[in-house]
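Chains A and B are the protein sequences, given in the same order.
Residue 1 is where the first sequence starts when you use our numbering, and the numbers rise one by one after that.
Residue 1 is where the second sequence starts when you use our numbering, and the numbers rise one by one after that.
It cannot be assumed that every hint is accurate.
Straight-line distance between alpha carbons at most 20 Å, and here's what the computed EDC-like set of lysine to aspartate or glutamate pairs gives [claimed, not checked]:
| id | chain 1 | residue 1 | chain 2 | residue 2 |
| --- | --- | --- | --- | --- |
| 1 | A | Lys-54 | A | Asp-95 |
| 2 | A | Lys-54 | A | Asp-20 |
| 3 | B | Lys-203 | A | Glu-151 |
| 4 | A | Lys-106 | A | Asp-123 |
| 5 | A | Lys-203 | B | Glu-151 |
| 6 | B | Lys-106 | B | Glu-178 |
It should be emphasised that the hints constitute simulated quantities derived from the structure, not laboratory data.
Since the model is a prediction, treat every value here as computed from it, not as a measurement.
Protein chains: 2
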Amino acid sequence: MTRHELAPTGTATLFQFLRDGRPRTRAELAAETGLARSTVAERIDTLLSSGLLKFSDKANSTGGRPPTTVAFNPAARVVLAADIGATHAKLAVTDLAGDVLVEEDKVLNIADGPEVVLREVCDRGRALLTQAERDETDLLGVGIGLPGPVEHLSGKPTNPPIMPGWDGFDVPAFVRGELGAATLVDNDVNIMALGEYRAHWTKYEHMILVKVATGIGSGLISYGRLHRGSQGAAGDMGHVRVPHDTDILCHCGNVGCLEAVASGAAIAAKLTEAGVPATNSADVVTLARNGSVTALQHIRQAGRDIGEVLATAVSLFNPSVLAVGGALSLAGEHLIAGVREAVYQRSLPLATQNLRIVPLRSGDEAGVSGAAFMVIDHALAAGQVESLLTQ
Amino acid sequence: MTRHELAPTGTATLFQFLRDGRPRTRAELAAETGLARSTVAERIDTLLSSGLLKFSDKANSTGGRPPTTVAFNPAARVVLAADIGATHAKLAVTDLAGDVLVEEDKVLNIADGPEVVLREVCDRGRALLTQAERDETDLLGVGIGLPGPVEHLSGKPTNPPIMPGWDGFDVPAFVRGELGAATLVDNDVNIMALGEYRAHWTKYEHMILVKVATGIGSGLISYGRLHRGSQGAAGDMGHVRVPHDTDILCHCGNVGCLEAVASGAAIAAKLTEAGVPATNSADVVTLARNGSVTALQHIRQAGRDIGEVLATAVSLFNPSVLAVGGALSLAGEHLIAGVREAVYQRSLPLATQNLRIVPLRSGDEAGVSGAAFMVIDHALAAGQVESLLTQ
Numbered sequence: 001m002t003r004h005e006l007a008p009t010g011t012a013t014l015f016q017f018l019r020d021g022r023p024r025t026r027a028e029l030a031a032e033t034g035l036a037r038s039t040v041a042e043r044i045d046t047l048l049s050s051g052l053l054k055f056s057d058k059a060n061s062t063g064g065r066p067p068t069t070v071a072f073n074p075a076a077r078v079v080l081a082a083d084i085g086a087t088h089a090k091l092a093v094t095d096l097a098g099d100v101l102v103e104e105d106k107v108l109n110i111a112d113g114p115e116v117v118l119r120e121v122c123d124r125g126r127a128l129l130t131q132a133e134r135d136e137t138d139l140l141g142v143g144i145g146l147p148g149p150v151e152h153l154s155g156k157p158t159n160p161p162i163m164p165g166w167d168g169f170d171v172p173a174f175v176r177g178e179l180g181a182a183t184l185v186d187n188d189v190n191i192m193a194l195g196e197y198r199a200h201w202t203k204y205e206h207m208i209l210v211k212v213a214t215g216i217g218s219g220l221i222s223y224g225r226l227h228r229g230s231q232g233a234a235g236d237m238g239h240v241r242v243p244h245d246t247d248i249l250c251h252c253g254n255v256g257c258l259e260a261v262a263s264g265a266a267i268a269a270k271l272t273e274a275g276v277p278a279t280n281s282a283d284v285v286t287l288a289r290n291g292s293v294t295a296l297q298h299i300r301q302a303g304r305d306i307g308e309v310l311a312t313a314v315s316l317f318n319p320s321v322l323a324v325g326g327a328l329s330l331a332g333e334h335l336i337a338g339v340r341e342a343v344y345q346r347s348l349p350l351a352t353q354n355l356r357i358v359p360l361r362s363g364d365e366a367g368v369s370g371a372a373f374m375v376i377d378h379a380l381a382a383g384q385v386e387s388l389l390t391q
Numbered sequence: 001m002t003r004h005e006l007a008p009t010g011t012a013t014l015f016q017f018l019r020d021g022r023p024r025t026r027a028e029l030a031a032e033t034g035l036a037r038s039t040v041a042e043r044i045d046t047l048l049s050s051g052l053l054k055f056s057d058k059a060n061s062t063g064g065r066p067p068t069t070v071a072f073n074p075a076a077r078v079v080l081a082a083d084i085g086a087t088h089a090k091l092a093v094t095d096l097a098g099d100v101l102v103e104e105d106k107v108l109n110i111a112d113g114p115e116v117v118l119r120e121v122c123d124r125g126r127a128l129l130t131q132a133e134r135d136e137t138d139l140l141g142v143g144i145g146l147p148g149p150v151e152h153l154s155g156k157p158t159n160p161p162i163m164p165g166w167d168g169f170d171v172p173a174f175v176r177g178e179l180g181a182a183t184l185v186d187n188d189v190n191i192m193a194l195g196e197y198r199a200h201w202t203k204y205e206h207m208i209l210v211k212v213a214t215g216i217g218s219g220l221i222s223y224g225r226l227h228r229g230s231q232g233a234a235g236d237m238g239h240v241r242v243p244h245d246t247d248i249l250c251h252c253g254n255v256g257c258l259e260a261v262a263s264g265a266a267i268a269a270k271l272t273e274a275g276v277p278a279t280n281s282a283d284v285v286t287l288a289r290n291g292s293v294t295a296l297q298h299i300r301q302a303g304r305d306i307g308e309v310l311a312t313a314v315s316l317f318n319p320s321v322l323a324v325g326g327a328l329s330l331a332g333e334h335l336i337a338g339v340r341e342a343v344y345q346r347s348l349p350l351a352t353q354n355l356r357i358v359p360l361r362s363g364d365e366a367g368v369s370g371a372a373f374m375v376i377d378h379a380l381a382a383g384q385v386e387s388l389l390t391q
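Just chain A, same shape as in the assembly:
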């Protein structure tokens, strides 16, 4: 289907000009786009009646001239965003500028399988829409992050290790059945990277975000765009081999994987072995905050191990920003200090001369924010936005 079947030519062009938020008159738009004035007038009427544009000057009720300036209307539609983890989810309803209108944290168990988990998410999503005084017909789309590998194009998880029952499940079809809205899915680290980038780092072109929690993963931004890779598997650094000898067996079957050496789960196991009992990232963080020297030592060493692998990523990808997030990063500066130590030692001077190695700034909102932007960027792009005008 070409775009001409969807909406009249020029509509998308006009809308892309206006997405920057600056109000314009029809005459200005004709001058900027080169479109005929009559075409501009017609297309603007279509965009106004779709709600994607609004008048930005008020009609003078005492009899002045009618409103002439139009602007993008972020309130035209809403997005339901869900950042689903192993044991909890964060849900939000945002407007088309990505601003959160309402949000909610929810306890769940990913191992209950896709139907149970997604039905809960959709139920709570409906409640959030009501809370925001909107309904399902206002949905531009639904954006979902999952804690495992996802084939982004189909929205299906691919052999996710901690998600029994999810392999190959058609997440978009299920959610569309529940809420009637187009749904995009990606892994939790990618949406976190997108959210963090859009909130804080858009003046740079290239970023790597690493998430250190039960597992270890990363998200890559190239020229401001999420680099997903061919199977949507880009950024998967948990099973990269650490460059020092180790015989630690990973659940993937290889030895010396980063995740088997430096994840929250790995540190908890090492601490337990050293006589300091811990079962997960949260325990490790608590021990660190209570001043356990053994815990701090292990966190710092994990930072160095992660930094060794990130040094390779920095040499290959040459980002401006390397952001460190995830549950284990809550233990304070020890993790990132280890990362810095190894990255600066092993990367080429040219690749690190302007590199910023920083803690995640967006906190735990990065995921839902990124999930919302994933939907907004896709649906409002030229070639997509036309479909919103024929509904």
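Use these hints to put chain B onto chain A, whose structure you have.
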């Protein structure tokens, strides 16, 4: 300077439609772009008089109707492309479709410094232009690849290890002084990656090209675009640490760098130590072709070592294509066999399920071809092409 100062609105839009090579009538262009018919007629006249468009139907000399169909004219301008190595260069003049019109190989010594080398390149470039029956005023631009790190935005080499006298030299200013044309510069591996991708792999989105010669480097393609990184240093994998114990000292000061272990120079040194004298990649290739088992063993091990680092690159970047080129790859299948062995052993199944690990297909033309596309893509992009119409 906004684009409105350069050329009338709509010209770039029209030209981008026509860059696909398909001829169109003015009426078709008005329908496709939504531009007013009078605007289309004016802008097409401008593009025709610049030469960037041509009539694609012949006027009927016996009195038929005048020509009405216009198309992109790749012969409108030419590009001078130079792939400069340590001891030789390949030069070519191409048209705006990137097709080589004339080319030449040239012996030179990069250590003679930038002024000597670039003056030689410009002199031979002028001769090639004459051979192609064009002159300097026909140049769209000059594209140059250099065997060291280059800050792409400024076109200046940055601490290039094998290029004495080149650090910080303003290559574009010098070449513009000689030939009067805008000049873009990048490192040799990036232009090789771009040339190989555009010639053979555009149906895939993501590619890594690794060049194994005296040094080891790679070029990354993300969504069809060269990922250069923040300092133009992306793909620099020569100084990534190999993940097994080694005490080999690298010229960069670290130990265990890939380049110190697996480059052509490193293999030559190991062979010499083993009683099989060799001084460079070419010697190693000759030994391999003559059936030296020791040489084949070392090449295969180099392939494994390179593959260990590439396994990390594959996990992080998730390309569809991993192309292996450079002088050492001429030794036959042994290098790439070692690469395949390590990549398939160490990368995640998801990242390798559709991965193609292949020898470079473009041969030694990849570099000049990529240098030409670097110039063409830049100069004919919307926002740039307008400047060609005011000259």
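Tested hints:
This hinted pair checks out: Lys-54/A and Asp-95/A have alpha carbons roughly 15 Å apart, not beyond 20 Å. Among the hinted pairs, Lys-54/A with Asp-20/A is consistent with the structure: their alpha-carbon atoms are about 14 Å apart, no more than 20 Å. At most 20 Å may separate the alpha-carbon atoms for a hinted pair to count; Lys-203/B and Glu-151/A meet this at roughly 19 Å. Restraint check for Lys-106/A and Asp-123/A: the C-alpha separation of about 12 Å stays at or below 20 Å, so the hint holds.
Note on Lys-203/A and Glu-151/B: the hinted pairing holds, with a Cα-Cα distance of about 19 Å set against a maximum of 20 Å. For the suggested pair Lys-106/B and Glu-178/B, the alpha carbons sit about 19 Å apart, so the restraint of at most 20 Å is met.
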